[in-house]
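Here the protein sequences line up with chains A and B, keeping their order.
Heads up: the first sequence begins at 1 in my numbering, then just goes up one per residue.
Heads up: the second sequence begins at 1001 in my numbering, then just goes up one per residue.
Because the hints were derived from the structure by calculation, they are not lab data.
Errors might be hidden in some of the hints.
Restraint-style ranges between C-beta atoms, simulated for each label pair [said to hold, decoys possible]: (1) Gln1078(B) - Arg97(A): 41 to 51 Å; (2) Leu1148(B) - Arg44(A): 24 to 34 Å; (3) Tyr1202(B) - Arg44(A): 23 to 33 Å; (4) Trp1084(B) - Gln96(A): 43 to 53 Å; (5) Glu93(A) - Phe1231(B): 26 to 36 Å; (6) Lys1193(B) - Asn137(A): 24 to 34 Å; (7) Glu93(A) - Trp1084(B): 20 to 30 Å; (8) Arg97(A) - Trp1084(B): 49 to 59 Å.
Owing to the predicted nature of the structure, the values given are computational and were not obtained by experimental measurement.
Glycine included, every Cβ here is placed at the ideal spot set by N, Cα and C.
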Amino acid sequence: MRQVSVLFLVLVCLDLEYRITSAPICAHGDAGCHLLSVSDLFDRVIQHSNRMHSLSSDLHSEFEKYFLPVRNQIGRATRKCHTSRILTPNGKENAQRTDREELTQVILRLLVSWMDPLLQFHQSVAHNEELSNFSRNKALELSDMVHELKNGVEKMAEKMQLLGIISNSLNGLFPAEASLSSSASNEARHMRDYELLRCFQRDSDKVQNYLKILKCRIVPEHGC
Amino acid sequence: MKAAEGAGIMATRLVFLSLVFGAMSVSVGEHLTTSEVPPKRPYFVDCRSPEQETFSCWWSAGDYQNLTGPGALSVFFQKNRDVWRECPDYSTAGENHCYFNSTYTSIWIPYCVQLRSQIQDIVYHQMCFTVDEIVVPDPPVGLNWTLLNISQTGQHFDILIQWEPPPSADVKKGWISLVYEPQYRAINMSDWKPLEVERARYQSVYGLKTGMEYEIRVRCKQTASEKFSEFSDHLYVYIPKVPTKETLFPFTMILIFGAVGVIIVLMLIIFSQQQRLMVYFLPPVPVPKIMGIDPELLKKGKLDELNSILSGHHTFKPELYNDDLWVEFIELDIDDQDGRSNHSDTHKLLGSENLNGNCLNIKDDDSGRASCYEPELPDSDTLDRSQAEAREEKASLLDSEGKAAHSSTADPSPPGRSHPGATAEGASRSHPQIQSQLSSQSWVNLDFYAQVSNITPAGGVLLSPGQQSKIEKTAEAHSSPKTQKCQLAMTTDSAYTSEMDAKNISATPSLNGNEPKVTVSPYTVSEAPASSVPPVSDYTTVQAVDSQQSLLLNPSTLPTKGTPMPAGYLTPEQLNSIMP
C-alpha cells in the first residue's frame, strides 16, 4: 500500500510537471525547464556506461591473454558480432546528424541485444575454474550492469518523451527488438568468450559515445 | 641360411646408410638456411588516430633501400571487408605516411591496410584493426602552475598545476574522454615522480622545496585504453629560499627556554637529593675505628655504657653509680695496671644485672661496644629485673671458657661491681660513696672486680675471700642473723647483693647455697674465714669442667705484694677451704 501511494504521488507530480510546463521542448537555458533532472539522469547513465565500458575492456584484455596468448596484428579475429546487423552511426559527424530519437533507439537496441548473451556468458564464467576470482567477479557483474543501464536509458527516454524532448515514436519499436535479440543471442552462443567480449567492448564504447553526443544535444552546455 | 643372413646384413646396411644420408641432408639444409639472413621487408610501423576521427599509418622500407623513395610503395586499405582501395592521402601526414581523413574514417569498423610494392603487386605487410583501438591522443597543452602556499619555515611550498586537453580531441562533446597523468622531478634528479591518473585538468603538488628547480610534464590517454600520449612540454617551477627572521626567532626562543627549564629541573634534583648525591659521588672515607669509645654514646648521654667501656681500659676506674653523680665520681686511677683487663671477665662471672644475652656470645671485635648496649634502663629497675638474667648469664659464663675477654656488658648500675683488684685507695674511696648510696646494704664492697673463690654445683660463683676484709668491717654493724645475710650479701657483687640482701632479710634465713632463689649464697663467704686465704691471682687457667659444671682451675702463681686483689679463679684447694 505504501509503495503504491508513493508511486501514485510520483506519478501525480510528474503529471503536474507536465501540465505546468507549456512548452513541450525546452529552449536553451530556460529557467522553467526541467532539464536539470534530465541532465542528472544523463550524467548518471553516462557514468554507468563509462564503467561498463572500462569493465568490458579489462575483461577483454584479460581473456585475450588467457586464451589468445599470441596477439598478432595480422589477421586478427575480426569475426562478426551478432549486433552487426544493427545500423549504428560510425563516426562523430554521423552521430551528430542522427536524430535524437533514432540515437536513443540505437542505444536501446544495443543494450537489449546484449542482455541474453551476457546472461549466457555469466553462466559459463560461473563454472569456469581457470579464471581468477577477480576476473570472475568482474565478468559476473557485466550482465547486471547491462540490465541496469538498459533500465536507466529506458527511464530517461520516457522522461524525455514526457517532457517532449523527443517524440513518441519510440514506443512502437520495443516489441520488434525482442524478436531481433532472440536470433542474435543464438548467434552469440557460438562465439568464444574472448570474441564475445571483444564485441561487447565495441558496443559498449558505442553506447557510451552515443549517450554523450545525445546529452550534448539535449542538455546544452558550454562548448557543446 | 646364408641367404637369409646376407639379406639381413644388406637391410641393416641400407638402413644405416639411409639414416646417414638423412642426417646429412638435414644438416645441409640447416646449414643452408642458417647461413643466410633474409633482408627485412618493408612493414607498417604503426597506425594511429589522435582523436578518433581521423587516422594515419606509416611504414618503413626495411632493408630494401631501393624502395625508400616516394611512390616506391603503396598502401591499400579495405574497409569492412569491402573492396581494396588505395590510400587517399600520402602527403598530409608526411613521408611514408598514409592519412585517412574523417570521410574515410569509420569507428568500430574493421580496417585492413596493406603495404604493396608499386609495380609488382607484392604484399609486403598487412595490418587489421578498428579505429577505436588505435586511438592515441595528442599531449595536453597549456601547462601552468600557481602557488598554493609556503610553509611557515619557508622550506617547502605547494603548487597547483593546470593544463588543457589537446585541441584535437573533442572532449567537450564527449567523443573522447581523457585521463591525465602529471609527473614532476627535481632538475638534478633522474627519476620522474608520477602523480595520480585523474580526469581532472588540474592537480596539486605538495612538498616541493624552496631553492630547488622542478620540472613538470603531463600526458593523457583514453579512459579505457592503455596507450598514453606523448608528454607535454616541460614546465619549470622555482621558488627562491627566503630565510626570514621570524622563522629563526621561535626556534632560538624554544631552545633557550628549553635549556633553562632543563637546568632548573637539574638544580631541583640536585638540591633535593643533595645528601644522597654527596654520598654517591664522594663516598665517605672509612675512618679507622678506635676500639672503645663510640662518640655516639657520648652524644646520647649513655653514661653507664660509657662507663663500662671505659672500665675496660686500664686507665679508668669507674666509680659512678648513677647518672647524677657521674661527673663527680669519675676518677681515673692510673696506678691500677694489673687486672684491669679482667674487668670484663669479672663482670661476666659475677653476672651484672644488665648482662645482655647478646653481648655474652659476641666476640669482641673492634667495632666498638655500642652494639652490646641496650637502651639504658634506670638503675633500680635493672637491679630487680635482671636477677633471673643474671643467673642464666652466670651459667653461660661458666660454660664458656673465658671467652670474650673484652666484651663489655652493660652495667648501668655501678653499685654491682666488685673490684677485687682495686687498690686500697680506690676501694676506700669508693666505699663511703657506695655506702651512702646503698643504705640498706652494709657491705662496702663496691669494687668492680671480685675474685671468684668458688663455683658451686648449682652454678653459682663464690667470690674470693679477699674481699672479706672490707666486708667484715661492715658486718659488725649488723645483727648475727642478719649478719649472715649481710655477709652473704656483702661478699657478692653489689648488684646481686643488694637484691639478695633484701630477699634474705625478708625470707627465712637460710644460707643454703643450694636454694635456687638464694643465689647470693654461692657468693657469700658466710663464715668469715681467716684471711689466711692467700691472695689469688687474677687469672687462672681452667683445667677442666667437672660433671657438676664447676671449673677446675690450675693453681696460679701467687701474686706479688701490691698486686690488687685477684678477681680471678680459685684453685680447688681454695675452693674446698672456702666451702662450708
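Against the structure, the hints:
no., hint, verdict
1, Gln1078(B) - Arg97(A): 41 to 51 Å, "25 Å, violated"
2, Leu1148(B) - Arg44(A): 24 to 34 Å, "33 Å, holds"
3, Tyr1202(B) - Arg44(A): 23 to 33 Å, "24 Å, holds"
4, Trp1084(B) - Gln96(A): 43 to 53 Å, "30 Å, violated"
5, Glu93(A) - Phe1231(B): 26 to 36 Å, "31 Å, holds"
6, Lys1193(B) - Asn137(A): 24 to 34 Å, "32 Å, holds"
7, Glu93(A) - Trp1084(B): 20 to 30 Å, "25 Å, holds"
8, Arg97(A) - Trp1084(B): 49 to 59 Å, "28 Å, violated"
In summary, the structure is inconsistent with hints 1, 4 and 8 from the numbered list given earlier, while agreeing with the others.
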